[in-house]
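Asks: So you can see what is in the structure, the chains are spelled out below.
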Amino acid sequence: MQVGYYPGCSLESTAKEFDLSIRAIFGEMDISLKEIPDWNCCGASAAHYLNEELAKALPYRNLVMAEAAGLERVLSPCPACYSHLRHVHEEVEKKPHLLERLQKITGKGYHKSVHSKHLLDFIKEDIGFDRLKHSMKTTLNKLKVVSYYGCLTRLPGVNLDDVENPVMMDEIVEVLGGEPLNWSHKTECCGASLSVTRTEIALRLVRAILEAAQERGADCIAVVCPLCQSNLDTRQKDINKTYGTNYHLPILYLSQLIGLTQRLGYSALGLDRLIVCPKALLLEKGIIEK
Amino acid sequence: MDLQPNQVLRLIQINDRTSVLRSSTIWICASCQTCSIRCPEDIDIAKIMDSMRKLALEDQVPLGEGKVVKFDEIFLDSIRKRGRIHELELVMRYNLAIRQPFKDAHLGPVMMARRKMKFLGHKIKEMSRIKEIFQNSKRLLKVQE
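Protein chains in written order, with this note's numbering: chain A, -1 to 288; chain B, 10 to 154.
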């Protein structure tokens, strides 16, 4: 199986472990990832109000580059990238005048052939749970996992799962042998880029999420978004300092959890790059050996 | 948020442009879509907040939360120069712009130790196309439906 791949800017730096673990688990399952040649930034949350046309033209160019490389399906692990690619594709399908305008801005035509996939639906629909189970060499030994979706299922163009109570990640956690806990903060905002511009707001929001996870007795939080992971992981110490709390919750990418069941290397999955170290927890649960 | 979202909407209804466009609320909104999804009248409140941002910039009013725009402008400028974001550069440029060069500096050592810092940025090959896209893109999209 081959699928196009759009890592996006974060997966090249602060979310490198997301990229590493995805490549590792896909390699293990014999799925080859073909990166969109010369891809550009999707524009994330900066473009849409500053420049409407730019906000569409940037993801549009990626669709064009993917199409030129013959990639019919493109996996975008980052929810923002995924949302932009999918949303622009759907909009040009419905609005020929928009397609015309984007062709003019970018100087490139697009034949609407690229289908965007997010990790969650790619695992459920394209890989399937059977194939996933088949690749497992061990289980998560009932590791208590709360799945944090953030705003993924609510973004424009993303029509993946329920907006209030998504379950796709929980289902995958269950397949992996973890214990998915139902909890109150599945889709509560992490503060996104306010983490930089209004840090105190993000700390307050992240604190609520960590508190809810801890209250449920979670061992860790599973995520599928580089910004969520960053906010929940890198800010835990600051939160403990500000609020006098004592959180020590590892924030793991779903792909890392999958890789653990496939017995892939600790470093190969980028587990050594997490700020809140999961090693002790994983050893305790017998998921990794010393 | 200095104004609550329901207050923003009421002020729009009574045409109090000044209060709305100068608020910090419209900038603090993180577009999590919770309000839009839950509104029993199906009002896309998040989109209204976004539209208010556009109007605030158009009217050139003093911004209720200038830092958000600064950050996003540097973000777009980084894309214009490289085609991609170089996170370290983005944060450093932003810190300088808000005159807090050491903001979050305490995170630096641990990020470096965990190899989360990419020190060199990547420039895409088709930079001429990116330049073209930036030059051709107009702030407001006006196409017939």
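Calculated from the structure, these hints are not laboratory results. For glycine and all other residues, C-beta sits at the position ideal for the given N, C-alpha and C. Treat the hints loosely; a few may be bogus.
Computed list of lysine-lysine pairs in BS3-like fashion (alpha-carbon distance at most 25 Å, straight line) [stated by the list, open to error]:
no., chain 1, residue 1, chain 2, residue 2
1, B, K147, A, K106
2, B, K63, B, K90
3, A, K106, B, K132
4, A, K102, B, K147
5, A, K235, B, K112
6, A, K106, B, K151
7, B, K127, A, K14
8, B, K127, A, K102
9, B, K127, A, K235
10, A, K32, B, K56
11, B, K151, A, K92
12, A, K32, B, K134
13, A, K93, B, K147
14, B, K127, A, K110
15, B, K151, A, K110
16, A, K14, B, K134
17, B, K127, A, K106
18, A, K239, A, K140
19, A, K93, B, K151
20, A, K110, B, K140
21, A, K277, B, K151
22, A, K102, B, K112
23, B, K56, A, K93
24, A, K102, B, K134
25, A, K32, A, K131
26, A, K106, B, K140
27, A, K14, B, K147
28, A, K92, B, K147
29, A, K102, B, K151
30, A, K110, B, K134
31, B, K63, A, K102
32, A, K93, B, K63
33, B, K56, A, K92
34, A, K239, B, K151
35, A, K14, B, K112
36, B, K112, A, K106
Chain B is nowhere near these chain A residues, computed Cβ spacing over 12 Å in every case [to be verified]:
no., residue
37, M134
38, N139
39, L272
40, E287
Asks: Compare the structure with the hints numbered earlier in the document and write down the numbers of the violated ones, lowest to highest.
Replies: 8, 10, 14, 17, 18, 21, 22, 27, 34, 36, 39
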